[in-house]
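Build the full structure now, drawing on both the sequences and the hints.
So the sequence lines, in the order shown, correspond to chains U and H.
If you want this note's numbering, it's the position in the first sequence, counting the first as 1, plus 92.
If you want this note's numbering, it's the position in the second sequence, counting the first as 1, plus 124.
There's no promise every hint is true.
[Claimed, not checked] Only pairs whose alpha carbons sit at most 30 Å apart, straight line, appear in this in silico DSBU-like list of lysine-lysine:
#1 H:268 with U:278
#2 U:200 with H:353
#3 H:311 with U:397
#4 U:142 with H:311
#5 U:591 with U:705
[What the hints assert, rightly or not] Here chain U is said to cover these stretches of chain H; the calculated rule only asks that three of the stretch's residues, wherever they fall, bring their Cβ under 8 Å from a Cβ of chain U:
#6 277–289
#7 325–332
#8 352–358
Bear in mind the hints are in silico, worked out from the structure with no lab data behind them.
Backbone N, C-alpha and C define an ideal beta-carbon position, used for all residues, glycine too.
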Amino acid sequence: MIRQPNVILGNDELLVTMGRRGDILGFFYPRRDHAQHVEESLACIYTGEKLLWTNDNDWHSIQNYIEDTNIVSTKLYHDSGIRISILDLVHPDVPVLIRRFKVQSQKKISGKFFYYSNFNVGETSKKNSGFCDSAARLLVQYWQNYYIGIHSLPEFTEWQIGKAMDTIWWTNSKYDMEDGKLQRNKEDIGNINNAAGWDLELEANGSNEFVILIGAASSRNLLYKRMHELSKLPLESIFEKTREHWVMWLAKKKVLKMPGLEGYENLRQELFSAYNRSLLMLYLLQDREYGSFVAAPEFDSNFEKCGGYGFCWNRDTSEIVLALKHSGYPEYCDLFFKWSIRTQLPDGSWFQRYWLNGDIAPSWGNFDYSTQIDETGSTLYAMDIYYKILEGLKKVEFLDEVWVSVLRAAEYLMKRTKSGIHESCMDLWETYYGIFTYTNAAIYAGLMGASHLAEENGEDGMARRWKKRAEFIKQATVDRFWLQDGYFAKGILNDKLDKTIDASILSTYIPFGMLSPKDPVEKDMILFMIENIQKKLSVPINQGYGIKRYENDSYIDGNPWVVTTLWLSEAMFALALDLPSEKAMFAPTNDIPSGNENSYTETVNKLTREGIKYLKCALAGATSTGLLPEQMDKSTGKPAWAIPLGWSGSLMLDNILLLDKICTRKAGNSEES
Amino acid sequence: MVRDLFMFAGFNENSQIVWFKIIYSKEPGSLSLITDFLEKEKAFIMFGHLDNITQKTGEYSVFTELNEDINPVDLAKKIKGLEAVSEVEYGISKYGMISSVDFPLNVIGVRGVMARALTIVDIIKTLNESVPHAEGLLTISGLKGGIHAAKYFKSIMPINDSNFASVLAELYRAVGWGILEIECDPKTYEGKIIVNDSFIADVYGASDQPVCAFMSGYFAGYLTDYFGKNISVREVSCKATGKKVCEHIISLAPSGASQEYQLRGDTR
Numbered sequence: 093m094i095r096q097p098n099v100i101l102g103n104d105e106l107l108v109t110m111g112r113r114g115d116i117l118g119f120f121y122p123r124r125d126h127a128q129h130v131e132e133s134l135a136c137i138y139t140g141e142k143l144l145w146t147n148d149n150d151w152h153s154i155q156n157y158i159e160d161t162n163i164v165s166t167k168l169y170h171d172s173g174i175r176i177s178i179l180d181l182v183h184p185d186v187p188v189l190i191r192r193f194k195v196q197s198q199k200k201i202s203g204k205f206f207y208y209s210n211f212n213v214g215e216t217s218k219k220n221s222g223f224c225d226s227a228a229r230l231l232v233q234y235w236q237n238y239y240i241g242i243h244s245l246p247e248f249t250e251w252q253i254g255k256a257m258d259t260i261w262w263t264n265s266k267y268d269m270e271d272g273k274l275q276r277n278k279e280d281i282g283n284i285n286n287a288a289g290w291d292l293e294l295e296a297n298g299s300n301e302f303v304i305l306i307g308a309a310s311s312r313n314l315l316y317k318r319m320h321e322l323s324k325l326p327l328e329s330i331f332e333k334t335r336e337h338w339v340m341w342l343a344k345k346k347v348l349k350m351p352g353l354e355g356y357e358n359l360r361q362e363l364f365s366a367y368n369r370s371l372l373m374l375y376l377l378q379d380r381e382y383g384s385f386v387a388a389p390e391f392d393s394n395f396e397k398c399g400g401y402g403f404c405w406n407r408d409t410s411e412i413v414l415a416l417k418h419s420g421y422p423e424y425c426d427l428f429f430k431w432s433i434r435t436q437l438p439d440g441s442w443f444q445r446y447w448l449n450g451d452i453a454p455s456w457g458n459f460d461y462s463t464q465i466d467e468t469g470s471t472l473y474a475m476d477i478y479y480k481i482l483e484g485l486k487k488v489e490f491l492d493e494v495w496v497s498v499l500r501a502a503e504y505l506m507k508r509t510k511s512g513i514h515e516s517c518m519d520l521w522e523t524y525y526g527i528f529t530y531t532n533a534a535i536y537a538g539l540m541g542a543s544h545l546a547e548e549n550g551e552d553g554m555a556r557r558w559k560k561r562a563e564f565i566k567q568a569t570v571d572r573f574w575l576q577d578g579y580f581a582k583g584i585l586n587d588k589l590d591k592t593i594d595a596s597i598l599s600t601y602i603p604f605g606m607l608s609p610k611d612p613v614e615k616d617m618i619l620f621m622i623e624n625i626q627k628k629l630s631v632p633i634n635q636g637y638g639i640k641r642y643e644n645d646s647y648i649d650g651n652p653w654v655v656t657t658l659w660l661s662e663a664m665f666a667l668a669l670d671l672p673s674e675k676a677m678f679a680p681t682n683d684i685p686s687g688n689e690n691s692y693t694e695t696v697n698k699l700t701r702e703g704i705k706y707l708k709c710a711l712a713g714a715t716s717t718g719l720l721p722e723q724m725d726k727s728t729g730k731p732a733w734a735i736p737l738g739w740s741g742s743l744m745l746d747n748i749l750l751l752d753k754i755c756t757r758k759a760g761n762s763e764e765s
Numbered sequence: 125m126v127r128d129l130f131m132f133a134g135f136n137e138n139s140q141i142v143w144f145k146i147i148y149s150k151e152p153g154s155l156s157l158i159t160d161f162l163e164k165e166k167a168f169i170m171f172g173h174l175d176n177i178t179q180k181t182g183e184y185s186v187f188t189e190l191n192e193d194i195n196p197v198d199l200a201k202k203i204k205g206l207e208a209v210s211e212v213e214y215g216i217s218k219y220g221m222i223s224s225v226d227f228p229l230n231v232i233g234v235r236g237v238m239a240r241a242l243t244i245v246d247i248i249k250t251l252n253e254s255v256p257h258a259e260g261l262l263t264i265s266g267l268k269g270g271i272h273a274a275k276y277f278k279s280i281m282p283i284n285d286s287n288f289a290s291v292l293a294e295l296y297r298a299v300g301w302g303i304l305e306i307e308c309d310p311k312t313y314e315g316k317i318i319v320n321d322s323f324i325a326d327v328y329g330a331s332d333q334p335v336c337a338f339m340s341g342y343f344a345g346y347l348t349d350y351f352g353k354n355i356s357v358r359e360v361s362c363k364a365t366g367k368k369v370c371e372h373i374i375s376l377a378p379s380g381a382s383q384e385y386q387l388r389g390d391t392r
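If you want it as structure tokens, here you go:
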């Protein structure tokens with residue numbers, strides 16, 4: 093069954109996803125994409141009469157992060173007067189999730205506190221083995237070299253290891269809990285589950301605490317040692333160390349100022365929080381060893397309703413690493429491009445998606461006609477952007493490192509764009525085959541980037557050739573796809589021009605820069621596109637409008653997407669910044685919204701105001717913990733799918749940085765005047 | 125359970141099936157007044173039932189077959205005009221095949237649905253063919269149903285050693301799942317259940333393995349909740365494997381570390 097998380101946490105080796113009531117949905121170790129060891133893992137109260145499962149709808153929950161950290165607080169309230177406060181954190185150095193449960197009750201309780209888990213260690217329910225070492229008070233389940241263990245403080249007093257799905261149902265730990273007493277079976281094999289139990293004796297308004305450690309290791313010995321060592325440390329010191337780890341990491345970020353946003357109630361603070369949260373979230377999606385990112389933590393590993401998200405796409409990751417670079421974390425680019433050099437296919441292109449270690453992932457893009465050429469363009473484009481910010485020796489070394497890869501990728505793009513538009517392939521939404529505006533724009537940017545790198549490398553001939561092709565692609569795309577209605581067609585599908593408006597056409601401006609606002613005609617084209625996308629793709633939600641991908645989109649109900657909504661706002665902000673090329677054109681204003689200005693300033697302010705509206709809509713589509721999804725529910729505006737999506741987070745970073753620039757520039761002008 | 129359901133009347137293009145729910149005052153002769161009136165109006169009563177709502181009023185739900193030229197709306201108004209009648213609701217079965225007065229149906233205290241046996245068996249078959257641990261999954265699914273049934277019966281009537289088996293048998297017959305012969309000793313928790321005409325085995329088709337794990341689970345859940353002990357029920361012979369009837373063996377669930385191996389006859 094597909095369940096979307098509300099919160100994630102982890103460290104370099106461990107990624108945990110949880111529901112809004114603190115139930116574990118995913119436990120990824122040692123990589124973010126593999127293996128996912130948990131089917132279910134949660135607490136349960138036995139009241140003396142019945143079981144109260146903490147993921148049941150009867151519990152009201154409030155869940156949030158401890159500020160500027162990936163430490164999670166979940167508060168659960170039950171109508172019976174029981175309240176559970178859960179503090180979840182992952183130790184920064186070892187793959188162990190530490191869960192502190194504080195149980196309070198208004199009424200006297202004489203029952204049990206249970207912690208139930210159905211582990212699929214090694215991402216399989218087959219051939220698992222589990223045991224309870226009652227001397228060490230450790231519940232362990234393992235498969236090959238994956239070991240998952242549960243230890244607790246105070247030590248659990250009863251346990252069960254049983255069959256999770258079998259005709260001998262009475263051994264099933266879940267059913268064993270029903271009578272409030274566990275059978276203490278010590279070992280079993282196959283598809284198994286486990287439970288640990290403690291007495292829960294509470295006077296009215298009394299409380300009790302249980303600390304549960306769920307650890308992972310590559311051997312039994314290491315698991316024992318880890319759990320033993322960790323259990324000796326006071327929780328307060330682990331908490332402080334973990335908090336400090338995240339605060340220190342965040343301290344490296346580019347500092348935001350956001351002056352002049354006073355007119356927008358709470359927006360400044362909201363943006364600061366969203367900025368930090370996006371950074372902290374992206375940390376957890378990256379593989380520290382390989383530099384690749386999962387698009388989102390996997391939630392549909394059986395591909396029941398989609399193709400899955402727990403893989404690395406070059407398209408998403410190119411945008412993510414650039415956003416991180418702009419935010420003060422350039423090292424992510426470096427690692428990702430090393431990974432890209434390694435994963436490039438023999439023909440110079442990049443595959444649809446990869447496992448984080450660089451192996452090609454399950455794909456429906458195995459052929460030339462089904463590959464996504466834009467991913468090769470995006471990667472080249474990102475390499476060049478990164479190169480441009482490097483200085484000195486690093487610049488030289490980077491170019492030397494990527495040059496062969498650039499050459500191969502550029503030649504691949506040349507091979508597939510002989511007519512000026514690309515040969516038929518799959519679109520960025522991974523749905524249609526044909527020729528697309530978005531893909532052409534990505535190829536344009538890739539070839540322009542490659543041309544620049546060639547020039548820097550002293551390869552003027554190649555530079556000229558690639559630039560010429562890029563310009564040809566731009567001309568052909570404008571000639572063939574620009575419509576009199578004021579926007580680019582989606583592309584050519586089944587040999588016919590598809591005039592459906594698709595938000596991805598914004599890529600001709602942002603990020604790929606095929607159109608420049610410095611050219612008066614192109615500036616108008618950008619403005620027309622923005623207007624048409626607003627007009628035709630807006631969906632009213634969250635007291636504003638979200639942007640859906642394209643007309644008649646039917647994927648997961650055709651919800652508006654955070655990515656497309658933030659593309660639009662980013663285009664607006666970028667345009668607001670790109671338009672003023674002369675200082676004199678600025679009108680001195682303190683606040684962003686103002687009246688009675690010259691038309692130029694009015695356009696800039698209008699773009700900013702409108703952009704803020706879309707930005708706010710995307711912010712409102714986040715989870716209670718601030719994680720941005722891929723989509724927002726078109727009826728409720730709530731997060732709907734793929735939570736958190738790295739791409740959404742990176743676009744949030746881009747948007748906030750642009751808005752910060754706008755605010756700073758305005759404040760500067762105001763001071764000068 | 126399905127008192128307000130009318131099924132499979134057979135399609136007749138010259139007539140229509142119309143039901144009336146009539147609230148009437150329980151004066152002597154008032155019900156006769158209604159049935160006489162319906163007869164006079166050429167409304168053929170196919171079946172009906174009575175509910176004594178209060179001391180003074182009753183509810184008479186009746187399915188009728190009317191000629192196509194009779195307007196049900198007018199007829200309802202006329203019924204409402206009768207002296208003993210205070211309220212009339214009506215509904216028309218357009219195709220005369222199946223119609224229900226009340227929605228939704230209710231089965232042992234909770235919402236029920238009707239389905240062809242094959243509909244359920246198709247689900248079971250798909251699970252057996254495609255899902256690991258399908259037998260365990262079906263056992264656990266049945267277990268939940270059996271536990272609910274026992275809890276429900278205990279809540280509405282005294283259940284004891286003399287009637288726990290016959291109540292279960294009555295339920296099975298009523299919902300069309302099968303005809304049970306139950307022998308179970310409440311002291312040893314041992315015995316067997318013969319299922320004649322199990323709806324699963326009947327329509328499953330030939331199989332090498334017993335196919336009624338869902339029923340075993342259901343029996344286990346019912347008996348476990350009634351006895352307050354974990355009861356194991358295993359199907360040892362099944363009509364789908366060519367036997368005459370299905371047989372499920374009842375025993376107290378074993379306890380101890382190696383219980384599952386003992387149960388399966390594993391000697392290791």
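Hint by hint, here is what the structure shows:
A threshold of 30 Å between alpha carbons decides the hint, and for residue 268 of chain H with residue 278 of chain U the separation of about 26 Å falls inside it, so the pair holds. Distance hint between residue 200 of chain U and residue 353 of chain H is fulfilled; the C-alpha atoms sit about 28 Å from each other, no more than 30 Å. For the suggested pair residue 311 of chain H and residue 397 of chain U, the alpha carbons sit about 51 Å apart, so the restraint of at most 30 Å is broken. For a cut-off of 30 Å, the pair hint linking residue 142 of chain U to residue 311 of chain H stands: about 27 Å separates their Cα positions.
Restraint check for residue 591 of chain U and residue 705 of chain U: satisfied, since their Cα atoms lie roughly 27 Å apart, inside the 30 Å limit. Restraint check on the segment 277–289 of chain H versus chain U: 0 residues with Cβ-Cβ distances below 8 Å, three needed, restraint violated. Requiring three or more residues with a Cβ within less than 8 Å of a Cβ of chain U, the coverage given for the segment 325–332 of chain H is violated, as only 0 such residues are present. For the segment 352–358 of chain H, the stated coverage by chain U holds: 3 residues have a C-beta nearer than 8 Å to a C-beta of that chain, and at least 3 were required.
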